[in-house]
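K.L.:
Each chain, written out:
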Amino acid sequence: MNKLLAEEIYYDMVLGRQFELAAKEHYMAGDIAGFLHLDIGQEGFSVAAMKAFEKGDVFTTYREHVMAIARGMEPKAVMAELFGKEEGVSRGRGGSMHLFEPALFFYGGDAIVGGQIPNAVGCAYARKFQGSEDGVMVVFGDGATNGGAFFESLNIASAQKLPLLFVCENNRYAIGTEITRVAPFERQAKKAEPYMVTMEVDGMDAVTVYEAVREAQTLIQQGHGPIFLEAMTCRYEGHSMSDPDIYRSKEELNICKGKDAIEQMEARLRSKYGLGDEAISVMRERAEAAVDDAVAFAASAQEPAVETLADNVFVERRG
Amino acid sequence: MNKLLAEEIYYDMVLGRQFELAAKEHYMAGDIAGFLHLDIGQEGFSVAAMKAFEKGDVFTTYREHVMAIARGMEPKAVMAELFGKEEGVSRGRGGSMHLFEPALFFYGGDAIVGGQIPNAVGCAYARKFQGSEDGVMVVFGDGATNGGAFFESLNIASAQKLPLLFVCENNRYAIGTEITRVAPFERQAKKAEPYMVTMEVDGMDAVTVYEAVREAQTLIQQGHGPIFLEAMTCRYEGHSMSDPDIYRSKEELNICKGKDAIEQMEARLRSKYGLGDEAISVMRERAEAAVDDAVAFAASAQEPAVETLADNVFVERRG
Amino acid sequence: MLYREALNRAIDEVMAIDETVVVLGEDVGRYGGSYRVTEGLVAKYGEARLIDTPIAELSIVGNAIGMAMAGLRPVAEIMTANFALLAFDQIINHMPKYRYMSAGKITLPMVVRFPQGVSRQLAAQHSESYEQMLCAVPGLRVLAAGDVNYAYHALKAAMLSDDPVVFIEHELLYTKKGEVDFDAEVDPFKARVVKAGDDITIVSYLKMVDDVMAAVPEIEKKLGKQCEVIDLCSLNPVDYDTLEASVKKTGSIVVVEEDHKTGGYGAQIVSWAAEKMFYSLDEPPLRIAGEDVPIPYNRTLELAAIPTPESIAARIVAWAEGNGA
Amino acid sequence: MLYREALNRAIDEVMAIDETVVVLGEDVGRYGGSYRVTEGLVAKYGEARLIDTPIAELSIVGNAIGMAMAGLRPVAEIMTANFALLAFDQIINHMPKYRYMSAGKITLPMVVRFPQGVSRQLAAQHSESYEQMLCAVPGLRVLAAGDVNYAYHALKAAMLSDDPVVFIEHELLYTKKGEVDFDAEVDPFKARVVKAGDDITIVSYLKMVDDVMAAVPEIEKKLGKQCEVIDLCSLNPVDYDTLEASVKKTGSIVVVEEDHKTGGYGAQIVSWAAEKMFYSLDEPPLRIAGEDVPIPYNRTLELAAIPTPESIAARIVAWAEGNGA
Ligand SMILES: Cc1ncc(C[n+]2csc(CCOP(=O)(O)OP(=O)(O)O)c2C)c(N)n1
Ligand SMILES: Cc1ncc(C[n+]2csc(CCOP(=O)(O)OP(=O)(O)O)c2C)c(N)n1
Ligand SMILES: [Mg+2]
Ligand SMILES: [Mg+2]
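Residue numbers (our numbering), protein chains in the order written: chain A, 2 to 320; chain B, 2 to 320; chain C, 878 to 1202; chain D, 878 to 1202.
FYI, nobody ran anything at the bench for these hints, they're computed from the structure. Be careful, since some hints might not be right.
Taking CB as the label site, the calculated pair distances span [as the list claims (entries may be wrong)]:
hint : chain 1 : residue 1 : chain 2 : residue 2 : range
1    : D       : R913      : B       : S243      : 30 to 40 angstroms
2    : D       : A893      : A       : N255      : 35 to 45 angstroms
3    : C       : I894      : A       : P103      : 17 to 27 angstroms
4    : A       : E212      : C       : I894      : 43 to 53 angstroms
5    : D       : A893      : B       : R287      : 52 to 62 angstroms
Mimicking BS3-like on lysine-lysine, the simulated pairs with C-alpha atoms at most 27 angstroms apart in a straight line are [stated by the list, open to error]:
hint : chain 1 : residue 1 : chain 2 : residue 2
6    : A       : K273      : A       : K258
7    : C       : K1153     : D       : K1099
8    : C       : K1102     : D       : K1153
9    : B       : K191      : A       : K191
10   : D       : K1067     : D       : K1153
Okay, the calculated bits of chain B under chain C, using three or more residues with CB under 8 angstroms as the criterion [as the list claims (entries may be wrong)]:
hint : region
11   : 45-55
12   : 181-188
Cβ atoms here follow ideal geometry from the backbone N, Cα and C, with glycine treated the same way.
The task is simple: from the sequences and hints, build the whole structure.
P.N.:
Below, the structure written as structure tokens:
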């Protein structure tokens, strides 16, 4: 990884963290409502995966702000969406869980656990059919690996040798349920073994994630067929803003925080790429400024007009 | 296997074959309608599995006449059901695909591919909860192993260590679709490997099936948790009476027929248990007579009264 | 030509002109479809465009959605409506919502073909009708083909539309014969006046249109009145203009559907009439529908569970004569 | 006590007297339920009776059915109605049909708890109402708890019933306060006259009952008429006797529901009134329902998509004054 890319990943991670902290603050202030799922702690995976899977289509879940921004969405447009504003990426219709930008080959944003996986399979079929080589990446949590949609997708992708990268972001919890209580083992890659090659990485280490995803995409581009990648991660916050998060111990959380992806990356920037305090500060300040801008933009953006309520139900209005 | 049991299995296989041939004839004569899925060719599995899983609960599919009879249902009551009569096991409401007898711990009879598997999982949970040891057997086809219900069930049964025997009757086709065209491999036991112990048997050999199911149930009774058993079988007829069956070659079918389970069992009765032509004929004639009786009974049984149309929608009528 | 041939022809024609059209479902390829609707197409267009899927309805619709996102125009076949329940998450949570939630950034030009209804003794798990559920979902168009000519034109229109369409077929109609006017311009969203008449408006769709038509001679003879029979064709949106004109003329409305009366789709039409046409109605509307029971296997019971030409005629005569419904 | 506490108490009481009752669902055990309905129960009854399931709704309902077959009395919780679409095969193809198809040999004493409705800005995939679908299925009882006292009694009754029941809760009601009369005998299938009145019958259920009640003072003041407000409580079967008595008295009927107007459940009630109460109606019935759009995230749009006390009052006043609906 060259220095520029390392800096970029670091910057987007810091930006993501700052963005989430601001979102949290504005949720508590009442500017944002509904379900808000913060990605704090998981930025190492979210940013590196998006950077590594540069070309190709991406599908993900409701815990998506950091991925959306790393993919290229404007923090302003994302924050405005959280604020429910007309200038939001989904014009205030979707909210936190529904960010889409086909121009960036980013397809959300699904609030149904596992629901996006069959969509990603179909997209991968289409890309193969169209002769495009970059493939599709679908990201989901450990909780999604117990649902039928996930398994049907493994089977179809394998039978059809589709250019699809399955990525399980295993943070060990589905809301309050620890994965080992509802699945027979902790690592879900095992479920994919009958169907495809599997890879396991430390999701708290952005560089490892980046390299693994690059490697997987390269294989896919070479016609290898589907691959399953599992990244062990950890969310520092509750599942969503309404989760009291009393089912995990402080120690467990502290162990996670000790491997913080941003801190690891910062250390690497210093040691490997020779960045000093100032260079780091500049990046941090730039990220903070971007988030401040985003909040200011969102706060002053327009409310959608009530007359536009029925926009985009259909392409063609009728009846 | 002692002689008595071998004879019993042989008899039930012959009875099953005769029953199916009679059902086919009466379907063509218009006495039976709807979907009729014949088990001809698969009797080796159907009978032996039911005999082996003597105690415990059984769930199966729409291709179930032979299993139902081997389990202890009266051929008369089954045939009357196919004829849609009031004396049918489901009073003419269910037809071929919906035979139930909780007194025999036989729960159908599901016309939704894979739909019975989660029900069997729940039953297994209940039996464990109730402290009963015999476990549950759920039978399904190769086609069902591509659906979400199947996978969710593997996962749950494994996570909960349920006393459940999964049995895939792999006849290599789901209607006209060969299993290898929609799954990445031919043997579906592979899908269960991450979750539980798997066994593979020749489903055309009743003795092997019997022994495997007995072994599996014994393990389950000892608290082993779920087991997956795959039996390779072959249906000689089309998927149902409406299937022209033009997607398979004659050669393929002839290879199957060369391993006919009834013939194999008959040979064994002669060689291992010393039965002669007469003993065999007596059994065959007894089976034929039972089927003739069943048809005569069904033909002369009552049509359900129209006034009973709404019986059993609910336990308690209201509104 | 047969209804299934009309559907086949529609798919064939659109596939010929648009290479982004793909068909997916169980046995739609080599087998030609369990009702032979896609017969012969795999030979013409290959297995990459006629995709035999595993028995995984959630994926059939879910994959079709992803294909549409990527720029294809998929036609997904559900073998029988009951199995579509396994795909309801994709049909209801996804297919009609992506466009709205993304403020129009995602468009899903796709069709789900949906064979349904009480066929012949297929019993409770193979005999249902789900139009009442599908029409309750904003973002879905729901067409119901009760006629051969309409089947051809409407399926083509559905395949060419940029909105997601559920295209309902009735399993007993596949071998129905009819003429197709290939040059006609058919608006798939317009109701079809099957027979004009001045006295009684009878609204129906799918196979019940035929049963109503079979009942009409008896009704007209017994009552000495003329029936106007309307095939709704588009169940969502409904062509209320055509209904309004008819109700204004006849002062009455009867809705006939195969589905169970409680919860059945016909309530929508009667409720519209009560709200909007109250002062045009000379007598109470009448809903004729199936009984509130799962569909039994036995043929006598099965027929007792749904309207038949005889029961339709008897009910309408009794109602018109003021003997209640 | 709070609505969620009333539900908790009902479950607790039945679990205490019947050891065959088990509760299953996502986070129902250690977490206490995402709306805290099962809080504290795992400590009392253990993890074998409060079963934390994976995110696999098809299995949650499918397993509950198998448990019921084996003699348990399961209460399955679906976290939010939208996710139940993944279980519709079990809810519709299995739960209501096993008994009928087996001619009564199989009985399924089970409850599916079903939190639904437009909450606060949860957007299109978390804000729906499916009573119109559930009530279209013969073999299911559908109860809708709009009231704390009813919630307690009806959930107990549902758990004690031998038929499968879908028990609908509204997500905004969990923190609603109310009195529970523990000694009362409540028939869960009887509608509740929330407020008597001679002039206008307003029928509603779930949260809309509260919104109607909030609108009533304004309506009565503006029109100088008395409203009779009825909470349906049981959506299938419907207590038509109570409705009939009210409509006969007032000569009118208004149905208010949160769901989309097209396909919404209220059409059933209006259609019943049109068919059966036509000669008692002095004016056209009125259906007030949500707009035909997926539910948007933005709060202003969200409120514009569903009835509110203000819009209910305005619509009813306009209608009564003959200014259309
Ligand atoms: C089908 C479905 N069931 C239940 C839910 C409620 N729910 C939302 S997120 C969640 C947990 C998901 O856990 P996981 O997949 O591990 O992702 P994470 O939140 O940890 O990123 C649940 C149960 C849902 N949204 N969709
Ligand atoms: C959910 C569902 N989808 C489709 C069907 C239609 N269908 C009935 S049997 C069948 C093939 C099943 O094949 P398999 O599981 O291998 O069983 P087999 O018939 O070979 O015994 C299909 C597709 C169905 N009944 N249920
Ligand atoms: Mg997780
Ligand atoms: Mg098979």
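K.L.:
Failing hints, ascending?
P.N.:
As far as the earlier hints go, 1 and 11 are violated by this structure, in ascending order.
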